[in-house]
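J.: Guided by the hints, dock chain B onto chain A, whose structure is given.
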Amino acid sequence: DAGVIQSPRHEVTEMGQEVTLRCKPISGHDYLFWYRQTMMRGLELLIYFNNNVPIDDSGMPEDRFSAKMPNASFSTLKIQPSEPRDSAVYFCASSLRGWGNYGYTFGSGTRLTVV
Amino acid sequence: AQSVAQPEDQVNVAEGNPLTVKCTYSVSGNPYLFWYVQYPNRGLQFLLKYITGDNLVKGSYGFEAEFNKSQTSFHLKKPSALVSDSALYFCAVRVGGSSNTGKLIFGQGTTLQVKP
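Residue numbers (this note's numbering), protein chains in the order written: chain A, 1 to 115; chain B, 116 to 231.
So that you can see chain A by itself, here it is in the shape it has in the complex (with noise of 0.2 Å):
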């Protein structure tokens, strides 16, 4: 298994700009998390589902953040307009049950950097 799989690994982008950030979680896996990674804040949940359907957004932190997950292989999350202060590593994560019975699986981030 190529594990989870985020694309693209580096985004800078102007303030302003849409911005799309993807994932394809494990083949199997039934919970997929969004995580947003910053010195000043550490590790955030943004989002997470359960079998494709949004469970808990609390941690997204305004409108211009939305998530999706039209089916079990694949996920964006998408920020429109940007600003600077979204610039973090943004961390998908799967698992196979919630809480991760066997643990959650990491993809490896999108450095996004807003300018």
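FYI, nobody ran anything at the bench for these hints, they're computed from the structure.
Not one of these hints is a red herring.
Computed beta-carbon distance windows for the label pairs: (1) B:K230 with A:A2: 33 to 39 Å; (2) B:Q228 with A:G42: 15 to 21 Å; (3) B:A116 with A:G3: 31 to 37 Å; (4) B:V198 with A:M40: 25 to 31 Å.
Just so you know, these numbers come straight off a predicted model, no measurement behind them.
All C-beta atoms, glycine included, are put in the ideal place defined by N, C-alpha and C.
T.: Chain B alone, transformed into the frame defined by chain A:
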């Protein structure tokens, strides 16, 4: 509020010496606790977990963790550190949901530096 804390930003040890990375938690009910490791420019990797049972949990790469209910702690340990253990370590706790749901919240992370 449910939370997890890692009181040390950085831990420095010499290769071959034992290491401890500290974690304390605050949750309602029985805690489900986890340790993850992050190498530079990589995602987090699962090391070990405590759900129930023996208070000493063994995990990957020779790491173990000791659950202490009275002190609400779940410290990560290794008897003999390797330079390759140098990385960022995260403690996490499950909050909310039932036995198969909920989410993990992570501590701020502790950088482990093992010197030759």
